[in-house]
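Each protein sequence line maps, in turn, to chains A and B.
Note that the working numbering numbers the first sequence so that position 332 is 332, with each residue one more than the last.
Here the working numbering runs 1000 ahead of the position in the second sequence, where the first position is 1.
Accuracy of the hints is not assured; some may be wrong.
Derived pair list, reagent style EDC-like, types lysine to aspartate or glutamate, alpha-carbon separation capped at 20 angstroms [stated by the list, open to error]: (1) K1016(B) <-> E14(A); (2) K265(A) <-> E14(A); (3) K1274(B) <-> E1255(B); (4) K274(A) <-> D299(A); (5) K1016(B) <-> E79(A); (6) K216(A) <-> E1096(B); (7) K16(A) <-> E1079(B); (8) K315(A) <-> E352(A); (9) K1274(B) <-> E1352(B); (10) K16(A) <-> E1017(B); (11) K1016(B) <-> E46(A); (12) K1016(B) <-> E352(A); (13) K1274(B) <-> E1206(B); (14) K1216(B) <-> E14(A); (15) K216(A) <-> E1079(B); (16) K1216(B) <-> E96(A); (17) K16(A) <-> E1352(B); (18) K226(A) <-> E1096(B); (19) K1315(B) <-> E1352(B); (20) K274(A) <-> E206(A); (21) K316(A) <-> E1025(B); (22) K1316(B) <-> E79(A); (23) K1016(B) <-> E355(A).
Everything labelled a hint here was simulated from the structure, so no lab data went into it.
There are 2 protein chains.
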Amino acid sequence: MFTLSPGPSQISPETKEDIRRAIEEGVLEISHRSSRFTEISRRCIEELRAYLGVPSEYRVFYFDSATQVWHSLAANLVERNSFHFINGSFSQKAKEASALLGKNAASTEVPWGEQCDFTATEIPRAAELVTVCYNETSTGVKMTQEELVALRRHVSEAFLAVDITSCAGGVPLSMPEADVWYFSVQKCFGLPAGLGVAIISPRAYERSIALQRAGKNLAGIWSWEKLDEMMSGEKYQTPQTPNVLNIHLLGLQCERWNRAGGLSKHIVTTAQKKALVETWMRDRDGCAFFVQDDAHRSDTVFTIGAAPEAIDNAKKALRERGIELGAGYGRIKRDTFRIANFPAITEEMLSEALEVLSEHFHR
Amino acid sequence: MFTLSPGPSQISPETKEDIRRAIEEGVLEISHRSSRFTEISRRCIEELRAYLGVPSEYRVFYFDSATQVWHSLAANLVERNSFHFINGSFSQKAKEASALLGKNAASTEVPWGEQCDFTATEIPRAAELVTVCYNETSTGVKMTQEELVALRRHVSEAFLAVDITSCAGGVPLSMPEADVWYFSVQKCFGLPAGLGVAIISPRAYERSIALQRAGKNLAGIWSWEKLDEMMSGEKYQTPQTPNVLNIHLLGLQCERWNRAGGLSKHIVTTAQKKALVETWMRDRDGCAFFVQDDAHRSDTVFTIGAAPEAIDNAKKALRERGIELGAGYGRIKRDTFRIANFPAITEEMLSEALEVLSEHFHR
Chain A
1 MFTLSPGPSQ
11 ISPETKEDIR
21 RAIEEGVLEI
31 SHRSSRFTEI
41 SRRCIEELRA
51 YLGVPSEYRV
61 FYFDSATQVW
71 HSLAANLVER
81 NSFHFINGSF
91 SQKAKEASAL
101 LGKNAASTEV
111 PWGEQCDFTA
121 TEIPRAAELV
131 TVCYNETSTG
141 VKMTQEELVA
151 LRRHVSEAFL
161 AVDITSCAGG
171 VPLSMPEADV
181 WYFSVQKCFG
191 LPAGLGVAII
201 SPRAYERSIA
211 LQRAGKNLAG
221 IWSWEKLDEM
231 MSGEKYQTPQ
241 TPNVLNIHLL
251 GLQCERWNRA
261 GGLSKHIVTT
271 AQKKALVETW
281 MRDRDGCAFF
291 VQDDAHRSDT
301 VFTIGAAPEA
311 IDNAKKALRE
321 RGIELGAGYG
331 RIKRDTFRIA
341 NFPAITEEML
351 SEALEVLSEH
361 FHR
Chain B
1001 MFTLSPGPSQ
1011 ISPETKEDIR
1021 RAIEEGVLEI
1031 SHRSSRFTEI
1041 SRRCIEELRA
1051 YLGVPSEYRV
1061 FYFDSATQVW
1071 HSLAANLVER
1081 NSFHFINGSF
1091 SQKAKEASAL
1101 LGKNAASTEV
1111 PWGEQCDFTA
1121 TEIPRAAELV
1131 TVCYNETSTG
1141 VKMTQEELVA
1151 LRRHVSEAFL
1161 AVDITSCAGG
1171 VPLSMPEADV
1181 WYFSVQKCFG
1191 LPAGLGVAII
1201 SPRAYERSIA
1211 LQRAGKNLAG
1221 IWSWEKLDEM
1231 MSGEKYQTPQ
1241 TPNVLNIHLL
1251 GLQCERWNRA
1261 GGLSKHIVTT
1271 AQKKALVETW
1281 MRDRDGCAFF
1291 VQDDAHRSDT
1301 VFTIGAAPEA
1311 IDNAKKALRE
1321 RGIELGAGYG
1331 RIKRDTFRIA
1341 NFPAITEEML
1351 SEALEVLSEH
1361 FHR
């Protein structure tokens, strides 16, 4: 039994064992103000930094979800104006978070399945924050590294925040190119839902402090200064009682991965598994990649279009084999299905699923 | 091995088994937009409502912690002025949350270990929100039911929010007497940390909507209207990918408890275990309840003062027997220890711990 849904997603046997052991070792019962928690959290932050290649001067904070980070960005970085590149549901939500805090949130939008032309877009000079989604989980459209580098130059002085929810941990990302990176752990990291992470540049952090001094930071007790007070100085803590189990699991996951080849290894296996699915898709009848442009097709979330009835039949057949297909999202819910390509989803799992799908989508 | 710490706290064998079973049943991998999640969340909300006696017209929303609710109260209910009764660390933090959002947060404060005189306190007429902590986890001071009823009349038109973090689930609470009740699940509910709950009256909900229409609600995507959009109409969902495991566990816990006598049963066992500790404390040398007034001594968190060295020795002896004593909190960290009296902590556990403590604190 396994799931190909892009989140919450498949959890590896190792993590399931980590949870069982955490129960036995009393991890669920330790105080979040104890030295034992500090050690657990220190491992999490340090191993995560090593795994993702986080520059040492960037801060790392825990959130409960990437959704919480959308709010945090607008509250900590924006006095008046933000700008948002929209190409699906999740990039849209970053704009909503800003608008709902009373900010002037401008945007550009392209049809679902397409990617924005980043440098051809005029960004208002007043924009303090620019958001992009590196990997749109709703559509399966990704940015390229070249686009991000070019966008970094194009946004000039504004802060650039990159949503990496459904690709962090599976693809290469050059952290110095942006001010804020954020994700949640129920995607590539293959953990239970309930934990998000934001990685924040010194420049963005300073801006949040400046807004606070000016009485214009709307994050309240969740201001980055407050988070830093609890995290810095080797404290590794949080204002609230956090999701201790997930912090423990994320640390163990990154530690295990770092010992076994790190992100590089997963970049290679991600590409191999993507090639497997692309080969299967070639000349396939009755279904097609929703993202037609190869260069912008996600490495970690494949969105495949087909007739609703065919999708229902395929889902049913897979379910009989104990395999859960990822549902389409939002306005393309009925017309697409999704296959996650996360580290916990093995080549064997994908092959098994594709074999069943071959009975429904012929060559 | 067990812990007497007031949170994160002892987890019962039943909940540990619930987690193991959840792993096997794939609960960690289900989509938070699936009908299976809706069923899990529906059970959680309905069983929790039944267990706590939540009036049907009150809304119930998930948060990641009670800390998040402090922010949510100030953001959703306060345009300008709030008022806070302070008698320890956590009641203080409710004020900070309001002040950090730029509100005019007034307060009254009594020394740690004492309770406020609620009706003798003049509450500014402009106060829109009044907060109290029903059970101060830092000091072990509680409110009485009579005080809450009298305070409800005294606050007049203001919204009354009651922090029940470390007593919800163990003591009787008359929900119609206040506008907002909130707690987190790592205390009496005996679950892993990472989930908070707020229970909100229709009147308070309407106020949050009115502030939003006026552009003065600072909760952004976390406004109660947004939470209600996802929760109402039998959706039982959340804007973000929530802590699915904890929602599952809370539902199972409440269901199990409701079948076995409900809150009434726990009120009785809580009182029995409190009597056990109080009897042990009588004429005890070298330690004394931090809260001297019997009427305000918490039923669920006992704070006991002693010499720092004696506490260290007792902690060490207990640890050798596999028992973790709760540490003191904040400014009384060195001079007190705490014993939680939550449902997962049995009479046998308390007796075992008291036996060891008897070797350090004689009669």
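Status of each hint after checking the structure:
1. K1016(B) <-> E14(A): 18 angstroms, holds
2. K265(A) <-> E14(A): Between K265(A) and E14(A) the Cα gap is close to 17 angstroms, so the pair holds against 20 angstroms.
3. K1274(B) <-> E1255(B): The given pair, whose Cα atoms are some 25 angstroms apart, is violated under the 20 angstroms limit.
4. K274(A) <-> D299(A): 6 angstroms, holds
5. K1016(B) <-> E79(A): 46 angstroms, violated
6. K216(A) <-> E1096(B): 16 angstroms, holds
7. K16(A) <-> E1079(B): Violated, at about 46 angstroms.
8. K315(A) <-> E352(A): 14 angstroms, holds
9. K1274(B) <-> E1352(B): 15 angstroms, holds
10. K16(A) <-> E1017(B): Satisfied, since the Cα-Cα distance of roughly 14 angstroms is no more than 20 angstroms.
11. K1016(B) <-> E46(A): 29 angstroms, violated
12. K1016(B) <-> E352(A): 33 angstroms, violated
13. K1274(B) <-> E1206(B): Violated: K1274(B) and E1206(B) sit about 40 angstroms apart, past 20 angstroms.
14. K1216(B) <-> E14(A): Measuring from Cα to Cα gives roughly 47 angstroms; hence the hint is violated.
15. K216(A) <-> E1079(B): Holds, at roughly 15 angstroms.
16. K1216(B) <-> E96(A): It holds: about 16 angstroms lies between the C-alpha atoms, which stays within 20 angstroms.
17. K16(A) <-> E1352(B): The given pair, whose Cα atoms are some 33 angstroms apart, is violated under the 20 angstroms limit.
18. K226(A) <-> E1096(B): Distance of about 11 angstroms is within 20 angstroms: holds.
19. K1315(B) <-> E1352(B): 14 angstroms, holds
20. K274(A) <-> E206(A): Roughly 40 angstroms separates the two Cα atoms, so the pair is violated.
21. K316(A) <-> E1025(B): 19 angstroms, holds
22. K1316(B) <-> E79(A): 52 angstroms, violated
23. K1016(B) <-> E355(A): 38 angstroms, violated
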